[in-house]
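Trainee: Quick mapping for you: the protein sequence lines, in order, are chains Y and X. Residues in the first sequence are numbered consecutively from 1, following the UniProt record's numbering. Residues in the second sequence are numbered consecutively from 1, following the UniProt record's numbering.
Bear in mind the hints are in silico, worked out from the structure with no lab data behind them. Be careful, since some hints might not be right.
[Claimed, not checked] As a list, the in silico SDA-like pairs of lysine to any residue whose alpha-carbon atoms are at most 20 Å apart:
1) Y:K97 / X:D103
2) Y:K97 / X:R102
3) Y:K33 / X:D166
4) Y:K33 / X:S76
5) Y:K294 / Y:T109
[Said to hold, decoys possible] Under 10 Å between C-beta atoms, here's a sample of chain Y residues computed to sit facing chain X:
6) F139
7) E154
8) L165
9) I227
[As the list claims (entries may be wrong)] Far from chain X, some chain Y residues (derived; all Cβ distances over 12 Å):
10) D78
11) R196
12) F232
13) A236
14) P273
The beta carbon of each residue, even a glycine, is placed where N, CA and C say it ideally should be.
2 protein chains.
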Amino acid sequence: MRLTRYFLPVLKETPSEAQIVSHRLMLRAGMIKQASAGIYSWLPLGYKVLRRIEQIVHEEQIRAGHIPMLMPTIQSADLWRESGRYDDYGEEMLRIKDRHGRDMLFGPTNEELITDIFRGHVNSYKDLPLTLYHIQWKFRDEIRPRFGVMRGREFLMKDGYNFDLDKEAALHAYNRHLVSYLRSYERMGLQAIPMRADGGPIGGDYTHEFLVLAETGESEVFYDSEITDLKFGDRAVDYDSVPECQAVLEEFTSRYARTDETHDEAVFHEQVPEARRRTARGIEVGQIFYFGTKYSEAMGATVVGPDGQRSPVHMGSHGIGVSRLLGAIIEASHDDKGIIWPEGVTPFHCGIVNLKQGDAAADAACEGLYKALLAKGLEPLYDDRNERAGAKFATMDLIGLPWRMTVGPRGLEKGVVELTSRRTGESEELSPDAAIVRISQIYAQI
Amino acid sequence: MRLTRYFLPVLKETPSEAQIVSHRLMLRAGMIKQASAGIYSWLPLGYKVLRRIEQIVHEEQIRAGHIPMLMPTIQSADLWRESGRYDDYGEEMLRIKDRHGRDMLFGPTNEELITDIFRGHVNSYKDLPLTLYHIQWKFRDEIRPRFGVMRGREFLMKDGYNFDLDKEAALHAYNRHLVSYLRSYERMGLQAIPMRADGGPIGGDYTHEFLVLAETGESEVFYDSEITDLKFGDRAVDYDSVPECQAVLEEFTSRYARTDETHDEAVFHEQVPEARRRTARGIEVGQIFYFGTKYSEAMGATVVGPDGQRSPVHMGSHGIGVSRLLGAIIEASHDDKGIIWPEGVTPFHCGIVNLKQGDAAADAACEGLYKALLAKGLEPLYDDRNERAGAKFATMDLIGLPWRMTVGPRGLEKGVVELTSRRTGESEELSPDAAIVRISQIYAQI
C-alpha cells in the first residue's frame with residue numbers, strides 16, 4: 001500500500017478520553033474511531049490487524065479439528081427462556097423488540113443457539129465428537145464501557161462449543177482447546193497464562209482463563225514464576241491423542257496460577273516457595289469451560305449411545321476475545337514512541353521510508369523494493385508522501401511496523417538501504433536485494 | 001475435509017416452509033438453519049460459500065483501489081437525526097434502547113456513520129479521492145421475511161462509499177464500482193446485468209441495480225437481448241483511467257435495461273427492435289449510487305479545495321448483497337438433484353467418493369487423492385462414510401461440488417478413477433495422477 005492512497009488518519013494530540021496506553025495508541029495511530037460509547041469503527045489499519053488475529057484463530061481452530069460456521073447476532077428470547085438465562089442475564093443483555101413486538105436480543109454468547117442447532121440435527125453418538133465454533137460480533141451492554149476495545153460493548157469473539165458423549169471425551173475437547181489457544185496466542189507474540197478461573201454466568205467447574213500480564217490488567221493474578229518460562233514453541237501435538245493433549249494441560253496448569261476470584265493465599269504459600277511467588281496484573285484474553293450437561297439437559301440435546309440408551313451430551317464452551325486482543329497486544333508491546341507489533345499480527349510486514357520524495361534514484365529504489373516485497377507475498381507500506389524524514393519516522397514508529405527500510409540518495413550512492421528493527425531500534429545497511437532476502441527470511445519463520 | 005469428521009446435516013425431506021428452490025436446497029444441503037424469522041445460522045457448508053463470496057468481493061474492491069475497514073452493527077440514533085433519516089426510515093429500522101435509555105439502532109446501511117468518520121478526519125482535497133468499504137451484517141426488519149437468505153432480516157452486505165471533490169471525480173468512482181462489480185459477479189459464475197434503477201430512500205439520480213435473471217426474481221425486468229451477450233472476461237482495466245472505466249460503463253449500460261420501477265414502455269419500443277425486446281424476472285444482487293452532496297451538506301462533510309474554498313464532498317454508495325448472492329447463485333445454477341456450484345464459489349473444490357469403504361486398495365487410493373489435492377492447495381471433501389454408493393452420489397449431487405472423483409476396486413484394477421462434472425454429468429476415466437492434474441488445471445483458470 002502506498003500511504004498517499006491509504007486512509008491513515010494519525011492524530012498528533014493524545015486524546016484526552018483515553019485512560020490506558022492501548023486505547024490512546026489505537027486512537028493516535030488511526031486504528032479505531034469511537035462510534036458511540038463502547039462501540040468502535042475499525043479504521044483501515046485497525047481492521048487489518050483484526051483480520052490477522054482472526055485468521056490465526058481460524059487456522060488454529062481448524063488445525064485442532066474444530067469446524068467453522070456462523071451464528072447470527074440477533075437471537076430470539078425464546079431459547080434463552082428455555083435455558084433459564086433470559087431472566088438471569090441482567091442488564092448487560094441488549095434486549096430488543098422487533099416490529100411485531102417479539103422479544104429478541106443481541107447475543108452476548110451462544111450456548112442456547114448452538115445447542116438448538118445440535119439437537120435439531122444430531123441424534124447418535126456416531127456423529128460425535130463434534131466441536132463447532134464461530135467468530136462473530138457480540139454485545140454486552142456494559143454500564144461503564146472504557147479502555148477502548150478492551151471493555152467495549154460491541155466486540156468480536158471466537159466462541160466454540162464441544163459436544164461429546166461423556167465427561168472423559170469432553171475433557172479431551174477441553175484439552176484440545178487449551179493446546180490450540182496456547183498455539184494461537186504464541187503466534188500473536190503473546191504469552192497468555194492459563195489460570196484457574198471462576199465459572200461465572202456460563203457455569204462450569206473446569207475452567208481456565210488465559211491472562212496476559214500487563215500493568216493495566218483488570219485482574220489481580222497470583223502465580224508461580226516458573227510458569228513464565230514455559231513456551232509452547234513449534235512442537236507438534238496430535239490433537240486426536242488424549243495423552244498428548246493431557247500432557248500439555250498438565251505442563252501448563254500444574255503450577256499455581258489464579259486470578260483474584262479463585263486465589264487462595266494459604267494454598268499459594270503451601271505450593272510455591274517464596275522466591276517464586278508473584279503477584280501481578282493480567283488481561284483476560286480467553287477462557288475455556290467444561291460444564292457437562294447444564295444446557296443439554298435443560299434443552300433436551302441428547303444422543304443415543306452405543307448401548308442404545310439416550311443421554312444428554314457433555315458440552316463445553318471456549319472463547320477468545322478477538323477484538324480485545326488488539327488492546328492486550330499493545331499493552332504488552334509498545335514504547336513511548338508507539339506500538340510495536342509482533343510479526344505475527346502486524347498490519348504491514350515492512351515500512352518503506354523515502355527520505356527524498358521526488359529524487360529520481362530514491363523514488364526508483366523505493367518502487368523496486370515495494371514491488372519486490374509484493375512479489376514475495378509480503379505487504380509493504382510505502383510512505384510516499386512529501387514529508388520531512390522526521391515526520392515519516394514518527395508515523396512509522398507510532399503505527400509500529402516491526403521492520404522499516406529507509407531509502408535515501410546518500411545510501412543509494414553507496415548501494416545500500418537501511419533496515420531497522422522497531423523493537424530494538426538497531427539498523428544495518430544492506431543492498432536492496434539483501435534487504436528483501438532478510439525480510440523474507442524473517443517472515444518465513446513466522 | 002473427511003465427511004465423517006464434518007458437520008453436514010443434509011435433510012432427506014423437502015422442508016415445507018421453503019417456497020423457492022434456493023431456500024429448499026440450502027436447507028436440504030445443510031447450509032443454513034433458521035434461528036428465527038428471517039434470521040439464519042450458517043452451518044459449516046453454507047459458511048464456506050459465504051466466505052468464498054466475501055473473499056471475491058474483497059479482492060475485487062482492493063483491486064479497484066478501495067480500502068477495507070469495518071463499522072459496527074449498532075449505531076447511535078443521533079447521527080441519523082442529523083441526516084434526517086431517523087424519522088424517515090420507518091419500521092424496517094430495528095430500533096433499540098440501551099440500558100441508559102439512549103436510542104440506538106441496528107444499522108441497515110452506513111451513509112451517516114461513514115460521513116461522520118470522514119468529516120472527523122479529512123479536511124483537504126489532497127486526501128481525495130477516497131473510497132472506503134466494509135462487509136458487515138445489516139438488519140432490516142422486513143414485515144414478512146421469506147425466501148431464505150434472499151429476503152432475510154439479518155443479512156451480510158458489502159457497502160462502500162466514495163468521497164470526491166466534484167461530480168466528475170465522483171462519477172469516475174461510480175464507474176470504478178461498476179467495473180469491479182462486473183468482475184466480481186463473473187468470478188462467482190453469475191451474469192448480473194446493470195439496469196437503470198430508482199434511488200429509493202438512499203437518494204440519487206445516477207444509480208444502477210445489478211440483476212441476475214431467474215424465474216423466481218422479485219423484480220420484473222425489461223431489456224435488449226444483446227445485453228446478455230456481453231462478457232467482461234479477463235480484460236485488464238486500469239482503474240485510474242477515466243476513459244477506460246467510462247468505456248466499460250457505456251458498453252454495459254447503453255442498451256435498454258430497466259426494472260419495473262423505471263421501465264418506460266414507449267422508450268423501450270423506440271429504442272429496441274421487437275425481436276430483441278425481452279421481459280423476464282430478476283434478482284437484485286447489487287446497486288451503485290451517486291448522490292452528490294446529500295449527506296455531506298446535511299452533516300457538514302467538507303474539504304478545502306485547490307482554490308482555498310471549502311465545499312461539501314461528492315459522495316456515492318455502492319452495495320453488494322453478499323449473503324443474498326448464495327440464493328441468487330443457486331436460483332441460477334441448479335437441477336432437480338441439487339445445487340451446481342460455479343468453480344469460483346464452490347465450498348470444496350472436488351468430492352471424493354469411495355465406492356467401497358474398508359477395501360484396502362480403495363481406501364488407499366482415496367487417501368492418496370485426498371492428500372494430493374491438499375498438496376495442490378485445493379480443498380477436497382472425501383466421503384469416507386460406510387454408505388452405499390447411491391447415497392454418496394445423492395449427497396454429492398445435492399451439495400453441488402462441481403467435480404467428483406469416484407474410486408472403486410474395479411476401476412483401480414484398471415488403474416483408473418472416474419472424474420465427473422456435476423454440470424454436464426459427463427465422466428471420464430483417468431489415472432489418479434492424471435485426475436489430479438486435470439483438477440489443478442481447471443482451478444488454475446478460475
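Trainee: Work down the list of hints and note, for each, if the structure agrees.
Mentor: For each hint, the structure was consulted:
1. Y:K97 / X:D103: Given that 20 Å is the threshold and the Cα spacing comes to 13 Å, the pair holds.
2. Y:K97 / X:R102: holds, 15 Å
3. Y:K33 / X:D166: violated, 26 Å
4. Y:K33 / X:S76: holds, 14 Å
5. Y:K294 / Y:T109: holds, 15 Å
6. F139: holds, 7 Å
7. E154: E154 (chain Y) check passes; min Cβ-Cβ to chain X is 5 Å, inside 10 Å.
8. L165: violated, 16 Å
9. I227: Status violated, d = 34 Å.
10. D78: Non-interface label fails for D78 (chain Y): nearest chain X Cβ at 8 Å, not farther than 12 Å.
11. R196: Correct as stated: the minimum Cβ-Cβ distance to chain X is 31 Å, above 12 Å.
12. F232: holds, 24 Å
13. A236: A236 (chain Y) is indeed farther than 12 Å from all Cβ atoms of chain X, at 17 Å.
14. P273: At roughly 45 Å from the nearest Cβ of chain X, P273 (chain Y) sits farther out than 12 Å, so the non-interface label holds.
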